[in-house]
Amino acid sequence: MSLELYKRYEIVFLRKNKYGPKFGINRIAKLVNCNRSTVVRWLTRWEETKDLSDRERKGRPRKTTTTDDEIVIGLVRQGVDEGLTSEKMQEQVQAEGINVNPRTIRRRLREAGFRYLKPLSKPLLSEHHQKKRLTWARSLMNYDWNQVMATDESVFRLHDIKRFYWQRPGERKICRKVKYTIKINAWCCLSAVGFGRIVCFKKNLNSTFLCNNIYHDGLLPAAREHFGR
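Here the sequence shown stands for residues 15 to 243, numbered as in the working numbering.
These are calculated hints, taken from the structure and not from any lab test. We put the beta carbon where it would ideally sit given N, CA and C, even for glycine. Any given hint could turn out to be false.
[What the hints assert, rightly or not] Quick list of the computed label-pair ranges, beta carbon to beta carbon:
#, residue 1, residue 2, range
1, 38, 68, 25 to 33 Å
2, 151, 91, 41 to 49 Å
3, 129, 54, 16 to 24 Å
4, 101, 154, 49 to 57 Å
5, 207, 101, 54 to 62 Å
6, 231, 162, 17 to 25 Å
7, 27, 70, 21 to 29 Å
8, 152, 91, 42 to 50 Å
9, 208, 152, 23 to 31 Å
10, 81, 200, 50 to 58 Å
11, 23, 74, 22 to 30 Å
Let's have the full structure, built from the sequences with the hints guiding it.
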């Protein structure tokens, strides 16, 4: 998609004009919301011709108008958390009366600076959270843990769920997730005596299942075995 004319002159002003701030290429690309190569191209054109208007096009005309391109890009921005594919976007733009194939949609998105990438992974716990947990753990170092039964449950998956998103460089989507992938729902308990029982299940964990199935069939029998009561 061709950059709007006013943005081309904005690029020149930010870089070349004697009254402008004379920003660097990367900063201009971020301000104008385009690729670095786009900034370089229009600056080069200005140096060569002092004309930033569209040149006469040769060959096959574009299949989409500027309005069509804006609709396609708008879908990506609105559905940034949905992981839209070009096939899904084709179905949506057809409802707007735009007849294009998925390849054209991908081409327009790349022209606008988007790339089809996996989201960045970030740990669920920040450094602040880790420090607070360490402080809490140290405060209980002298606690009598011989009379405590600890429990935990986790959701394990056989394969990590990998989703891709249309994103611009510098605007990468961040997906907060556990660091390691897993494969089944499991609950377990342990005390100073040793490990207790392990309960594996497929359904979603809720309060009813936790009390009637896990605590009744897993925790209470394990507590009697470990503490004799």
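Supplied distance hint 21 to 29 Å, evaluated on CB atoms of residue 27 and residue 70: holds, 26 Å
42 to 50 Å as the expected CB spacing between residue 91 and residue 152, which holds or is violated: The hinted range 42 to 50 Å holds for residue 152 and residue 91, with Cβ atoms some 46 Å apart.
Beta-carbon spacing of residue 208 to residue 152 - inside the hinted bounds 23 to 31 Å or not: holds, 25 Å
Beta-carbon spacing of residue 129 to residue 54 - inside the hinted bounds 16 to 24 Å or not: holds, 18 Å
Outcome for the supplied range 50 to 58 Å, where the beta carbon pair is residue 81 and residue 200: Because 53 Å falls inside the window, the suggested range holds.
Range agreement (Cβ of residue 74 with Cβ of residue 23, hint 22 to 30 Å): holds, 29 Å
Outcome for the supplied range 41 to 49 Å, where the beta carbon pair is residue 151 and residue 91: Holds - the Cβ-Cβ distance for residue 151 and residue 91, about 43 Å, lies within 41 to 49 Å.
Pairwise beta carbon distance, residue 101 to residue 154, judged against the given window 49 to 57 Å: Roughly 54 Å apart at Cβ, these two residues keep to the hinted range, so it holds.
Hint check for residue 101 and residue 207 - Cβ pair distance inside 54 to 62 Å: holds, 56 Å
C-beta pair residue 231, residue 162: status relative to the range 17 to 25 Å that was hinted: About 20 Å separates the Cβ atoms of residue 231 and residue 162, which means 17 to 25 Å holds.
Status of the given 25 to 33 Å range, CB of residue 68 versus CB of residue 38: Roughly 26 Å apart at Cβ, these two residues keep to the hinted range, so it holds.
Hint compliance for this structure: no hint is broken.
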